[in-house]
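The listed protein sequences correspond, in order, to chains G and F. End of the first sequence = 208 in this note's numbering, gap-free, step of one. End of the second sequence = 463 in this note's numbering, gap-free, step of one.
Rather than coming from a laboratory, the hints here were simulated on the basis of the structure. Treat the hints with caution; some may be incorrect.
Some chain G residues near chain F, calculated using beta-carbon distances under 7 angstroms [to be verified]: (1) S24; (2) V28; (3) V32; (4) S117; (5) T120; (6) W187; (7) I191; (8) M193; (9) G194; (10) A197; (11) L206.
We treat Cβ as the ideally placed atom computed from N, Cα and C, and that holds for glycine.
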Amino acid sequence: MSEWIRNQGPKWVVTIISLILIVSFYVVQPQVDAMDSTITKWGTIIASWMLLIGVASLSLYHLNLIRRRTPGRWYYSAWLLFILYFMCFLGYLSDYQSPGLKTIYDSLYTKVYAVLSSSTYGICSFYLTSMAFRSFRARNWEAAAFVAAGLVITFYQMPAGVAIWSGIVPTGEWILNFPVKAGQRAWIMAIGMGTVAAAFRRILQLRE
Amino acid sequence: MFVEGRVFSMVLLISYFLIFVYYIQNAKKGIVPNVRTIPAIEAISEAVGRAAEMGRAVFSAPGQASLTGSTAAQTLSGLACLEYTAGLVAEAGVPFIGLTCRQEIFPLMVEKVKNQYLLKGKPDEYRDEYCRYIPYGIAYDLTVMTIAERERPAACIAVGYFWHACIYLIEAMHRVGAMTIGGSELLPFVFVGGCDYALLGDEIVNADALLTKDPIQLASMGSVDIIKLISVFLMLAGSILLTFGADIILNIIKR
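So that you can see chain G by itself, here it is in the shape it has in the complex (with noise of 0.2 angstroms):
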């Protein structure tokens, strides 16, 4: 019974809350509706339960670096560990206890880890100019396409675009709204049929 539990009973939890959901999202009925609803709140809650997990894990792996005083690294571990559990204690202290440490809270949120993820956000485009410089190479009628449509939603997007040639804007549109869209539609398409074929393996248990 218990290896029958650990083997076969994930599987058929699957199998049967999904039927359960994809009833309740086809069919009127309000028993099916309030297990959906019944559900959706378990699962919200199991989800916040697993933010303890986060926290461990972290934890636990920083700590390990710590203990073995690893050659450029520890400290960096001693400065992340510090800095998680001191924002959580003044996170719980600022709701619960003082106002003013609220104000802390938001300033260290809003001036330090706000402004160093818009600098951070920054290298993006760094990276996608060298990516596009790579990949941006006419080595047939297909990547030569691929190079002028890019040049033109490039000069498009610039707003010193139009001084270039006042035709841009109309090109640029058109190429978003056709070609591009259609594109789109169809990868978004198989990527949803394929993703329905790979929720039908799950419920009838073909695949972990």
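On the provided structure of chain G, position chain F as indicated by the hints.
Then chain F, alone, in the frame of chain G:
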């Protein structure tokens, strides 16, 4: 009894399921559709072999999305690719770096990687640092760049749902000379333009079937092609009829 506006969708789903079951039953009788070789899937073993020759690590990430929502299938495919990669890495004897930014994925990742080392007869070679968790956000973006620069993996297998972190991941790995294989629904051009091999469209969500080469799972991909044909027929017929002023197919779809 049925929700307004979803009846046609329900009929299509039931038809899809019946076609799916038909292909599965055929596969059990030995009739399996011919699925072409996907270069990106075959390249995973080539990438791990290259890493073994160079004596460098192999990096794998199952995406940034969770197991809920419409991105779950891609995350599960990413986990299947990670598991397959871990098995090859266990055989090759090089270090493995698995990274996730979702706390619910982390225990699954650990379990899968440990199982692969156990199956290959090398449970002692598994290390806790092979599976890593870093919270979602800028921390994940910086971590992938740090891993690339510090540990210099020779191969990067990144299949799943990625947001903008894929730009950092692909470019940072390319800078250190890693062979990159990947695929994602969002920002596919990053993988097509930046990776050595890319998975496109439903190759991403069917990667677990392509990796196992199980006849029953491969047969399920035949049903995807049939439903694509039905969708194309409906689109063409609906467009042509609507051009001539007949909205019969549009009215059926709206039910």
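Checked hints:
no.: 1; hint: S24; result: violated, 9 angstroms
no.: 2; hint: V28; result: holds, 6 angstroms
no.: 3; hint: V32; result: violated, 11 angstroms
no.: 4; hint: S117; result: holds, 4 angstroms
no.: 5; hint: T120; result: holds, 5 angstroms
no.: 6; hint: W187; result: holds, 6 angstroms
no.: 7; hint: I191; result: holds, 5 angstroms
no.: 8; hint: M193; result: holds, 5 angstroms
no.: 9; hint: G194; result: holds, 3 angstroms
no.: 10; hint: A197; result: holds, 5 angstroms
no.: 11; hint: L206; result: holds, 6 angstroms
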